Amino acid sequence: MAATQEEIVEGLAEIVNEIAGIPTEDVQLDKSFTDDLDVDSLSMVEVVVAAEERFDVKIPDDDVKNLKTVGDATNYILKNQA
Amino acid sequence: MSKIKAPKGAPFARILGVGGYRPVRVVPNEVILETIDSSDEWIRSRSGIETRHWASDEETVAAMSIEASGKAIADAGIAAEQIGAVVVATVSHFSQTPAIATEIADKLGTNKAAAFDISAGCAGFGYGLTLAKGMIVEGSAEYVLVIGVERLSDLTDLEDRATAFLFGDGAGAVVVGPSEEPHIGPTVWGSEGDKAGTIKQTVPWDRFKVGDVSALPLDSKGEIKFPAITQEGQAVFRWAVFEMAKVAQQALDAAGISPDDLDVFIPHQANERIIDSMVKTLKLPGHVTVARDVRTTGNTSAASIPLAMERLLATGEAKSGDTALVIGFGAGLVYAATVVTLP
Numbered sequence: 000m001a002a003t004q005e006e007i008v009e010g011l012a013e014i015v016n017e018i019a020g021i022p023t024e025d026v027q028l029d030k031s032f033t034d035d036l037d038v039d040s041l042s043m044v045e046v047v048v049a050a051e052e053r054f055d056v057k058i059p060d061d062d063v064k065n066l067k068t069v070g071d072a073t074n075y076i077l078k079n080q081a
Numbered sequence: 000m001s002k003i004k005a006p007k008g009a010p011f012a013r014i015l016g017v018g019g020y021r022p023v024r025v026v027p028n029e030v031i032l033e034t035i036d037s038s039d040e041w042i043r044s045r046s047g048i049e050t051r052h053w054a055s056d057e058e059t060v061a062a063m064s065i066e067a068s069g070k071a072i073a074d075a076g077i078a079a080e081q082i083g084a085v086v087v088a089t090v091s092h093f094s095q096t097p098a099i100a101t102e103i104a105d106k107l108g109t110n111k112a113a114a115f116d117i118s119a120g121c122a123g124f125g126y127g128l129t130l131a132k133g134m135i136v137e138g139s140a141e142y143v144l145v146i147g148v149e150r151l152s153d154l155t156d157l158e159d160r161a162t163a164f165l166f167g168d169g170a171g172a173v174v175v176g177p178s179e180e181p182h183i184g185p186t187v188w189g190s191e192g193d194k195a196g197t198i199k200q201t202v203p204w205d206r207f208k209v210g211d212v213s214a215l216p217l218d219s220k221g222e223i224k225f226p227a228i229t230q231e232g233q234a235v236f237r238w239a240v241f242e243m244a245k246v247a248q249q250a251l252d253a254a255g256i257s258p259d260d261l262d263v264f265i266p267h268q269a270n271e272r273i274i275d276s277m278v279k280t281l282k283l284p285g286h287v288t289v290a291r292d293v294r295t296t297g298n299t300s301a302a303s304i305p306l307a308m309e310r311l312l313a314t315g316e317a318k319s320g321d322t323a324l325v326i327g328f329g330a331g332l333v334y335a336a337t338v339v340t341l342p
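Sequence lines, in order, name chains A and B. Heads up: the first sequence begins at 0 in numbering that gives the first Met the number 0, then just goes up one per residue. Heads up: the second sequence begins at 0 in numbering that gives the first Met the number 0, then just goes up one per residue.
Read the hints as simulated data drawn from the structure, not as lab findings. The structure displayed is predicted, hence computed values, not measured ones. Where is the CB? At the ideal position from N, CA and C, for every residue including glycine. Some hints here could point you the wrong way.
With a Cα cut of at most 30 Å, we get these calculated BS3-like pairs of lysine-lysine [claimed, not checked]:
1. K318/B - K64/A
2. K67/A - K199/B
3. K194/B - K64/A
4. K67/A - K78/A
5. K208/B - K220/B
6. K199/B - K57/A
7. K57/A - K194/B
8. K57/A - K245/B
9. K67/A - K279/B
10. K245/B - K318/B
11. K67/A - K245/B
12. K208/B - K64/A
13. K64/A - K70/B
14. K57/A - K282/B
15. K245/B - K64/A
16. K70/B - K106/B
17. K67/A - K30/A
18. K245/B - K224/B
19. K30/A - K279/B
20. K194/B - K78/A
21. K57/A - K279/B
Here are some chain B residues the structure puts well away from chain A; computed CB gaps all over 10 Å [to be verified]:
22. E33
23. E49
24. D74
25. G189
26. E191
27. V246
28. D321
29. G331
Can you build the whole structure from these sequences, using the hints too?
Set out below in structure tokens:
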């Protein structure tokens with residue numbers, strides 16, 4: 000069953016916490032991965048791969064650079080999840 | 000039809016000796032920062048690299064190879080004339096004809112050993128090792144010298160902030176010889192040419208022949224840039240960590256070795272972040288020693304695995320007889336992984 004927006008944000012928060020050690024409550028829709036959450040370009044790849052597995056979605060490298068905020072990633076997953 | 004006599008080789012092969020050569024000049028991140036807008040902290044956090052070695056004019060591909068090979072031959076306890084073949088893996092020897100392997104074979108004092116170069120990027124060492132194993136088991140050579148050597152400083156764009164800090168120079172060599180027991184596992188290798196563009200040379204050499212300067216990249220002073228290696232960092236990182244972890248696991252399975260049986264992990268020293276993520280993805284147990292030579296050697300492409308192997312043995316972090324997983328991966332994209340017993 001497709002995940003809701005709330006479930007996706009919650010899932011991303013757990014992933015970002017696991018990879019970058021950021022408290023889950025800091026991961027909110029308006030937060031920028033790079034500027035607010037200390038997720039650099041390589042950690043972002045790890046976040047993306049973990050999100051692909053968790054939400055059954057493919058996020059090609061060309062699309063990763065457009066995912067600036069948690070909201071961008073959430074919308075992408077909402078639209079593209081299987 | 001006449002009957003051809005079957006070739007007769009050794010039952011198995013093993014690495015008998017290893018040697019390395021690092022250029023004298025040590026280049027800290029401060030030197031890299033003279034030409035790119037970055038910081039020591041940024042370079043370390045993205046790559047783990049603190050210093051690398053850059054070769055002088057005298058430290059040629061041949062000279063570095065001969066130094067590393069001399070040590071490997073001594074470590075193996077054989078004489079140079081016993082070597083039947085010399086395989087040189089490199090992408091940074093700039094005279095394609097003749098192969099540099101022939102000069103190296105001659106200067107080392109081999110007895111007219113077969114000698115040739117191979118181009119398999121950062122997987123070059125694994126490709127060479129696989130060829131060596133085949134030659135020994137098939138019987139066309141009793142001992143084979145496999146050299147990985149690079150002068151990547153010659154192929155580095157010092158104004159590219161994504162790659163200027165990555166590359167280093169050096170040579171690593173191993174002697175592979177006969178064995179009664181298997182000490183080199185099956186190789187899991189391959190290529191993914193659909194990703195050829197993710198790591199590549201900026202312009203091909205023949206662009207210079209055309210003489211059309213407008214088609215060549217220029218540096219900040221308007222001078223024509225020598226070709227350099229560029230890469231799509233995120234795409235390479237994803238492939239290296241997640242696809243190569245699968246290949247590494249396949250090599251363990253093919254050798255019948257569980258992660259618990261493993262003593263040492265020697266991945267290609269591309270970037271410490273890739274190494275960290277691979278270790279995590281492979282779920283390697285804490286007792287496995289992981290090579291992190293990239294910190295002080297940078298990425299030396301085909302040379303990185305034998306250089307890291309030599310250092311682990313020299314520092315005592317690994318010992319002779321340890322079981323090691325080695326995996327090379329890079330431009331092509333190509334890869335090669337296998338399990339070996341350390342010399």
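Tell me the numbers of any earlier hints that the structure contravenes, in ascending order. Checked against the structure, the hints that fail are numbers 1, 12, 13, 18, while the rest are satisfied.
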